[in-house]
Amino acid sequence: MLEIILFYIAATVALVSTILAMTRANAIHALIYLIVSLLAVAVIFYLIGAPFVAALEIVIYAGAIMVLFVFVIMMLNLGAKGDAREKTWMRPSVWVGPALLTIVLFAELLYVISSAEGPVSTGVVGAKQVGLSLFGPYVLAVEIASMLLLAGLVGSFHLGRRYLDRAPSSELGHQQEGE
Amino acid sequence: MNGSQMQALMPILMLSLTAIVLMIQASIKRDEKATWIITVVGILLALWGAGYARDFSQPVTILLQVDNWGLFFTALVLLASLVTVVLSQDSFSSEGGSKEEYYLLLVLSALGAVILIQSSHMASLLLGMELMGVALYAMIAFPKKGLLPLEAAVKYLVLSGCASAILLFGFALLYAATGELSYKGIGEKAALAYISNPLLVMAGTAMVTAGIAFKLSLVPFHMWTPDVYQGAPTPVTGFLATVSKGAVFVALARIYMDAELHQYESLILALSVLAAFSMLIGNLLALLQEDIKRLLAYSSIAHFGYLLIVLIALTGSEMASEAVTFYLAAYILTTLGAFTVIARVSREDQQKSQISEFEGLFWRNKIQATALTIAMLSFAGIPLTAGFMAKFFVINVAIQGSHWFLLSALVIGSAIGIYYYLRIIFSMSKTSGNDIGFRDRSGDITALLLTVLILMLGSWPQPFIAFAGGL
Numbered sequence: 022m023l024e025i026i027l028f029y030i031a032a033t034v035a036l037v038s039t040i041l042a043m044t045r046a047n048a049i050h051a052l053i054y055l056i057v058s059l060l061a062v063a064v065i066f067y068l069i070g071a072p073f074v075a076a077l078e079i080v081i082y083a084g085a086i087m088v089l090f091v092f093v094i095m096m097l098n099l100g101a102k103g104d105a106r107e108k109t110w111m112r113p114s115v116w117v118g119p120a121l122l123t124i125v126l127f128a129e130l131l132y133v134i135s136s137a138e139g140p141v142s143t144g145v146v147g148a149k150q151v152g153l154s155l156f157g158p159y160v161l162a163v164e165i166a167s168m169l170l171l172a173g174l175v176g177s178f179h180l181g182r183r184y185l186d187r188a189p190s191s192e193l194g195h196q197q198e199g200e
Numbered sequence: 091m092n093g094s095q096m097q098a099l100m101p102i103l104m105l106s107l108t109a110i111v112l113m114i115q116a117s118i119k120r121d122e123k124a125t126w127i128i129t130v131v132g133i134l135l136a137l138w139g140a141g142y143a144r145d146f147s148q149p150v151t152i153l154l155q156v157d158n159w160g161l162f163f164t165a166l167v168l169l170a171s172l173v174t175v176v177l178s179q180d181s182f183s184s185e186g187g188s189k190e191e192y193y194l195l196l197v198l199s200a201l202g203a204v205i206l207i208q209s210s211h212m213a214s215l216l217l218g219m220e221l222m223g224v225a226l227y228a229m230i231a232f233p234k235k236g237l238l239p240l241e242a243a244v245k246y247l248v249l250s251g252c253a254s255a256i257l258l259f260g261f262a263l264l265y266a267a268t269g270e271l272s273y274k275g276i277g278e279k280a281a282l283a284y285i286s287n288p289l290l291v292m293a294g295t296a297m298v299t300a301g302i303a304f305k306l307s308l309v310p311f312h313m314w315t316p317d318v319y320q321g322a323p324t325p326v327t328g329f330l331a332t333v334s335k336g337a338v339f340v341a342l343a344r345i346y347m348d349a350e351l352h353q354y355e356s357l358i359l360a361l362s363v364l365a366a367f368s369m370l371i372g373n374l375l376a377l378l379q380e381d382i383k384r385l386l387a388y389s390s391i392a393h394f395g396y397l398l399i400v401l402i403a404l405t406g407s408e409m410a411s412e413a414v415t416f417y418l419a420a421y422i423l424t425t426l427g428a429f430t431v432i433a434r435v436s437r438e439d440q441q442k443s444q445i446s447e448f449e450g451l452f453w454r455n456k457i458q459a460t461a462l463t464i465a466m467l468s469f470a471g472i473p474l475t476a477g478f479m480a481k482f483f484v485i486n487v488a489i490q491g492s493h494w495f496l497l498s499a500l501v502i503g504s505a506i507g508i509y510y511y512l513r514i515i516f517s518m519s520k521t522s523g524n525d526i527g528f529r530d531r532s533g534d535i536t537a538l539l540l541t542v543l544i545l546m547l548g549s550w551p552q553p554f555i556a557f558a559g560g561l
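In order, the protein sequences belong to chains A and B. Heads up, the first sequence is in this note's numbering, so the first residue is 22 and it goes up one at a time. Heads up, the second sequence is in this note's numbering, so the first residue is 91 and it goes up one at a time.
Since the hints were derived computationally from the structure, they do not count as laboratory data. Any given hint could turn out to be false.
Stated by the list, open to error - Derived DSSO-like pairs (lysine-lysine); straight-line CA-CA distance at most 27 Å:
| no. | chain 1 | residue 1 | chain 2 | residue 2 |
| --- | --- | --- | --- | --- |
| 1 | B | Lys234 | B | Lys119 |
| 2 | B | Lys234 | B | Lys274 |
| 3 | B | Lys245 | B | Lys234 |
| 4 | A | Lys108 | B | Lys245 |
| 5 | A | Lys102 | B | Lys520 |
| 6 | B | Lys442 | B | Lys234 |
What the hints assert, rightly or not - Covered, in the sense of this in silico footprint (three residues per stretch, anywhere, with C-beta under 8 Å from a C-beta of chain A), are these stretches of chain B:
| no. | stretch |
| --- | --- |
| 7 | 207-220 |
| 8 | 545-557 |
Here the structure is a predicted model, which is why all the values come from computation and not from measurement. Cβ coordinates follow ideal geometry from the N, Cα and C atoms, glycine included.
One chain only, chain B, in its complex shape (with noise of 0.2 Å):
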């Protein structure tokens, strides 16, 4: 490796320099305070680190390919972890009241999901998603108060370590069709190897599919998800749901466009059926759920779902990378924004996510009931918002490739959606008699940036589409 290949791992490198120091740091002196202004500095100096290797765009070793795209999500990501870093502060204690592990461990998650973003071969996608994964178990099981967050990662750590099994065993069938392993070797022999062994091939592409859409929770393979969220500690939730996800399925849109499988009938069709089940599934089981967390658990699933229209629909429209971009930034925002007031609002009582405890919120702190309100108008996809442009794009990017039926699945799961958005507002809107004020300002200025955010990308996303459209 030379010295530009260096540059263009900045953000790796900043984030691995963080997990560095903070085990100098606690090993010296075990300080909360210290520890989380380090792990700040250093998802800060990660951000501009990914601004940084924008000029170094190139790919390093066979591993990871460095590109705007990539370090457009890097950035995103790491955006996200900021937030759950600041939600974190003070929303749940831990074993012995100190969690500087906690913040060593989100470090470590980042990085494994930068990584995850960046790679392009299949060794590093499978050591980044473990990365990820392994940091996320012991961050689920932190908190002391509680057997559901225990119960939450016990669930976590075995589904999850099937279907990394399963994965690790696809890219197996496929490295014996193919004798590849990086995505564009795979995709270039794919094809040859179709011919001469097409049940491996399909075997290990469905394998594949089997793992990633497990991380990405598409039913049917949402079972672990509800209760996941739940279980887990609110900002640790935020971070599964915004940088796990978003990760993930951005190596999976790599995969899809680098091996170029958008030729391969049988693959479109198998996600054509992962997408509507998620979509309406999704949508039908989130109507009713009482706790808010299981609640935005069903509609990840759903959302999800309308992700991978996107996918299915590449080659049919050319603004389909643009809307993978739009729609996944919108979507990790929007959940952002969401999460935050409920981690805020439950702190780390099990029993305050359910969705009557957000009644009177309105009267109790505006800013982050006004938030809250926000956030769950994106997820309905109401004018304004980024969740309606990001829909547009979707629903836009469908008809151009007349994928009909798919179309009528999201207009169907949208309609579902609103009702239960709704509710949530409504219930925020309820007086309760004994509605005492709160303020707490780190919550409220994080609230208040995710929903100008929010509703700058909705209300005047020009800019934001032509820099999407530049990557």
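With the rest of the complex left out, here is chain A (with noise of 0.2 Å):
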């Protein structure tokens, strides 16, 4: 019973933290609110039985990534100008479309899932378990997920050092990333 109770605590609490995440002009303010959200996802793992999965969301999602995204953020130096950007690009006319389509699919997805019988959780998945299956069977995935990091890398830098090549010789690079 309270592990029931725990669970709609923490649903209400990404929910919310969700939606508050998309709805922020202030790019900070939605980077804080997502943070939470993934808080909140890393207590439903635990209480469906899988701590490492849980401790794994709040180190490298909400710990590294987030905060990486946090800093670069900050290094761009939006401010205001970007605040009142972003509430100019969402008004309502933009989004009210495509939220309702959502809504109408999330409705339809919420009554598939509640009409699915079977098995919700089937014990604790613990470290060792997965350690296990990541290099038994799923050895191969594991090294395709190296060489997918890799593909990402290379992309990041080449596309990234455009701007740094091209930011001592003119202001124009030096504007493209003010802005």
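Got two chains here, separate frames each, mind docking them using the hints?
And the structure:
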């Protein structure tokens, strides 16, 4: 019973903070809400018997990736001008249509999932099981994922260098960065 | 994993090795020429690996399935990558003038395609698709000139990310219903799960279909295609049209066959609607295009509509798997032929891919004009070209399965198609007065080789049909 109450609290926090993250004009505020949402999801993972994944969610997503995001956005220094531009982009005429369609799909999905039967959780999955399957049957997936990270790294290096090369020679690159 | 499984993975190992050697080479001395040579040698080695691995057909862990059918497409995808490497050599320049990273990304993208082709599990499907996609985003945005490549890359990145998310959600729903992630496992449990949780299975399948249909740019998931085709550098467009789409289609066919999805009426209906809309809307919108790359984007939408017919009619005919092999081979060769010439004519100038820029090409470069003509005839399905035999197969399969509705859509679509394909040929034969000839050896040789292959598949197809039947 306590688990169910905790689950609903965590789920509510996740939903509310995600909606707030989407609607904030200030990028930093949005990111902080996103971190709260990820923490709430980690609680849900913990409750359904995946403590290892819960820890990873906090360490990797809420910790490493989000902190990186916050750093990048602070370095870009968007300020009040960014907020104003974001507000002009977020006119109701832009988001009402897609939001209505999404709500229809969401209602359908809720119905589908609530009509499903079967076990929700089958015991605790610890770090040992995760490690055993990652380096047992899924060892190739780990290797492919390493190649995927390499592709991401090389790609972002190349696209990022565009601005590094341009910045000292002309003001244009600098201005683009500032905006 | 034992030794024989490692040998079965030879093409994948060779491509990974190439990527690592390229990294090491770049850290010692940045040299575009050396990078180019290593890439070509690496892809040739992987091609050899695809032949070598034929003796070791087996499932490799739960993730990959190495068999002759997959190895044939591996070879085809590697051939397309090789042509892209040759075309990229002096087609466009990048920031700072050198493009070592481009070749590394191309090798990684080809690696993703090969994994996608050989995957037998949802995890490897997703990883292969993402590896191919992530490398492609950077390849599309690679040139320094103009904002179009950047726009194309951002569009592809955002939409493709959404499609992957939907695909992943679909996998989760299917896993909730069946408790399996391998194609075969899902197929075995799906029938039972369909009785107890029909909605869950249907929602999951719909999401997976939508995710894959996005990558194949079937109507109504086609919006990104013309912009990305136009914005990307032409060799990359060719790569996207052949390697990326071909590999995703092979993966779809594999899921469809391994999981025996042909027994579900609602899925067949959904695929039929996708196929019919793709054939009609793809061909109709192609009529309006002035840019040859946009035109080919819409034409590729239509061609994947034709290909879906084969999948829908899979059980009704013994020829169906040969038809997939033949059509995909013909489509990839024809597309490569067309993009070879377009890349040579338009170079890096975005404005030069207008159809009017091809006026008088017969007087400027006879070989490339002939190659583009043959490619267009093959797209249209004129006899003696590969496209004719491919369409013949599709129609044959559709008649055997008595899919009359789809057949009529195919006939109407092809009839519309002839108009805009011939328009390009007419445009090439016009004289514009100041036609200065240009010579370019690597482009001519590539175009000539591809043309010979297209004509051979079309006029003397028996050896290839026998080969495809044995796969």
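We went through each hint and held it up to the structure:
Between B/Lys234 and B/Lys119 the CA atoms are separated by roughly 22 Å; this keeps the pair inside 27 Å, and the hint holds. A distance of roughly 46 Å separates the Cα atoms of B/Lys234 and B/Lys274; the hinted pair therefore is violated under the 27 Å criterion. With a C-alpha separation of about 18 Å, the suggested pairing of B/Lys245 with B/Lys234 holds against the 27 Å cut-off. A threshold of 27 Å between alpha carbons decides the hint, and for A/Lys108 with B/Lys245 the separation of about 22 Å falls inside it, so the pair holds.
As the CA atoms of A/Lys102 and B/Lys520 are separated by approximately 54 Å, the hinted pair breaks the 27 Å bound. Between the alpha carbons of B/Lys442 and B/Lys234 the distance comes to roughly 17 Å, so the proposed pair stays at or under 27 Å and holds. Residues of the stretch 207-220 of chain B lying with their CB closer than 8 Å to a CB of chain A number 5, which satisfies the three-residue condition for coverage. Taking a C-beta to C-beta cut-off of 8 Å, the stretch 545-557 of chain B contributes 0 residues in contact with chain A, too few for the three needed, and the coverage statement is violated.
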